[in-house]
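Chain by chain, the residues:
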Amino acid sequence: MKLLYFAWIRERTGVHEETWPLPKGTATVQDLIARLAERGPGFAHAFADVKQIRAAVNQETAKLDAPVSDGDEVAFFPPMTGG
Amino acid sequence: MKLLYFAWIRERTGVHEETWPLPKGTATVQDLIARLAERGPGFAHAFADVKQIRAAVNQETAKLDAPVSDGDEVAFFPPMTGG
Amino acid sequence: MSVRVQRDDFDVSREMDALLTGRKDIGGVVSFTGLVRDFSDDRNVGALTLEHYPGMTEKALAAIEAEAHERFDIQASLIVHRFGRMEPGERIVLVIAASAHRGEAFRAAEFLMDWLKTKAPFWKSEDTPDGPKWVESRATDDTATERWS
Amino acid sequence: MSVRVQRDDFDVSREMDALLTGRKDIGGVVSFTGLVRDFSDDRNVGALTLEHYPGMTEKALAAIEAEAHERFDIQASLIVHRFGRMEPGERIVLVIAASAHRGEAFRAAEFLMDWLKTKAPFWKSEDTPDGPKWVESRATDDTATERWS
Numbered sequence: 001m002k003l004l005y006f007a008w009i010r011e012r013t014g015v016h017e018e019t020w021p022l023p024k025g026t027a028t029v030q031d032l033i034a035r036l037a038e039r040g041p042g043f044a045h046a047f048a049d050v051k052q053i054r055a056a057v058n059q060e061t062a063k064l065d066a067p068v069s070d071g072d073e074v075a076f077f078p079p080m081t082g083g
Numbered sequence: 001m002k003l004l005y006f007a008w009i010r011e012r013t014g015v016h017e018e019t020w021p022l023p024k025g026t027a028t029v030q031d032l033i034a035r036l037a038e039r040g041p042g043f044a045h046a047f048a049d050v051k052q053i054r055a056a057v058n059q060e061t062a063k064l065d066a067p068v069s070d071g072d073e074v075a076f077f078p079p080m081t082g083g
Numbered sequence: 001m002s003v004r005v006q007r008d009d010f011d012v013s014r015e016m017d018a019l020l021t022g023r024k025d026i027g028g029v030v031s032f033t034g035l036v037r038d039f040s041d042d043r044n045v046g047a048l049t050l051e052h053y054p055g056m057t058e059k060a061l062a063a064i065e066a067e068a069h070e071r072f073d074i075q076a077s078l079i080v081h082r083f084g085r086m087e088p089g090e091r092i093v094l095v096i097a098a099s100a101h102r103g104e105a106f107r108a109a110e111f112l113m114d115w116l117k118t119k120a121p122f123w124k125s126e127d128t129p130d131g132p133k134w135v136e137s138r139a140t141d142d143t144a145t146e147r148w149s
Numbered sequence: 001m002s003v004r005v006q007r008d009d010f011d012v013s014r015e016m017d018a019l020l021t022g023r024k025d026i027g028g029v030v031s032f033t034g035l036v037r038d039f040s041d042d043r044n045v046g047a048l049t050l051e052h053y054p055g056m057t058e059k060a061l062a063a064i065e066a067e068a069h070e071r072f073d074i075q076a077s078l079i080v081h082r083f084g085r086m087e088p089g090e091r092i093v094l095v096i097a098a099s100a101h102r103g104e105a106f107r108a109a110e111f112l113m114d115w116l117k118t119k120a121p122f123w124k125s126e127d128t129p130d131g132p133k134w135v136e137s138r139a140t141d142d143t144a145t146e147r148w149s
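Chains as they are written, first to last, in the numbering used here: chain G, 1 to 83; chain S, 1 to 83; chain B, 1 to 149; chain F, 1 to 149.
Pulled out of the complex, with its shape left as it was, chain G reads as follows (with noise of 0.2 Å):
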């Protein structure tokens, strides 16, 4: 899957886009969360606060219980400050 980062998430995991493989077992965007996190201390310190984050899957929004599979992008990132 193609994973990509921004704001204050890319500069804590360090990433900005990278190709991963789902891990087994990972159903949803939370499932996801939860995995990565465990990826070492930069993503530890990104995934920490999890009401902070949020996402896209394919790049429409995706709540915490969205599904996600192999073949999909997924976006991990702060509320928007558009405007």
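Heads up, some of the hints might be wrong.
Stated by the list, open to error - Not everything, but these chain B residues come out facing chain S in the computed CB check (under 10 Å):
{"hint": "1", "residue": "L112"}
{"hint": "2", "residue": "M113"}
{"hint": "3", "residue": "T118"}
{"hint": "4", "residue": "K124"}
{"hint": "5", "residue": "S137"}
Hints are computed from structural coordinates only; laboratory data are not their basis.
Glycine included, each C-beta is placed from N, C-alpha and C at the ideal position.
Given the structure of chain G, go ahead and fit chains S, B and F onto it with the hints provided.
Chains S, B and F only, in chain G's frame:
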């Protein structure tokens, strides 16, 4: 006094601007309208329906009972349609 | 703060730039441009002619603008109103309101337009297939003015 | 209807003219221009850097614009949103809504701005005396978005 007429009031009176001596006993805008309506068929037509007439005294919107005196600039016009 | 009554057309960008030049405290600028439409109450309108009351018009616009500054937290504003004959598609009026906060700029611009409709001494005559016709004031404009009182 | 995401500045008059060219059914055009302020929550802000999500941003703006056309009687609209680094006084975002009736144009333009604040994938970083700082989403922006639902 200086009298001004705008829009269809100007068209009906046939006058845009004139100097006119304030008739004796004319204390208010309403009095003035009554005197002007006596000046001939054009003026009578212009001032036939007082509800459709708005006035300004010295370039400030004025009600029917507003006082008028001989040095004033008084204007008559339909409801405004700006913007 | 400034108001202008003029025969000539205006340029929105140029007016906005002149109003805001050197300022860095403005977060949002709202502009409203009124245009001549080629229909009005289902009659075809060829052109519009605006008559006004020179002298009083400038005072009325300045009073409307001052009222907007009383009521809303805006840092800059402009009213430009044209008179004379204008074809469909032409610009008639421009209102600009600038504020640190977007809501105030929106509110002030709409207030300025609502008051212009009923408190600025302009009268519109429309060219129609039956000849020129004076535009009557609209009940909806009176309602729009009253909601601010 | 169109949306654009770009690094470069824009010109309000040029965008308005392009949107309305040849049209004679538009009575009012409302524009909102968002600018970089040199203060924000009492911190001094030197410059703003906008990060966005290429691909998703364009889709999100188009969806917001389509929603405005569903909700309001507007005949034309435009959203232009910049990204990258911008100094105080620079233009960030432009929204235009055009309608036969001024109230609809005002309503649509404000709706577009409110939704952009919370539904367009942009993130702002401010230069402050303590270094760059990510702008947090505001409760007032959430409230502004919710009043349309």
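Going by Cβ atoms only, is T118 of chain B closer than 10 Å to chain S? holds, 6 Å
Evaluation of the interface hint that places K124 of chain B against chain S, nearest CB under 10 Å: Holds. Min distance 5 Å.
Measuring from the C-beta of M113 of chain B to each C-beta in chain S, is the shortest one below 10 Å? holds, 6 Å
Using Cβ atoms only, decide whether L112 of chain B comes closer than 10 Å to chain S, and label the hint accordingly. holds, 9 Å
Interface hint check: S137 of chain B, Cβ to nearest Cβ on chain S, cutoff 10 Å. Holds or violated? holds, 4 Å
In the structure shown, no violation is registered for any of the earlier numbered hints.
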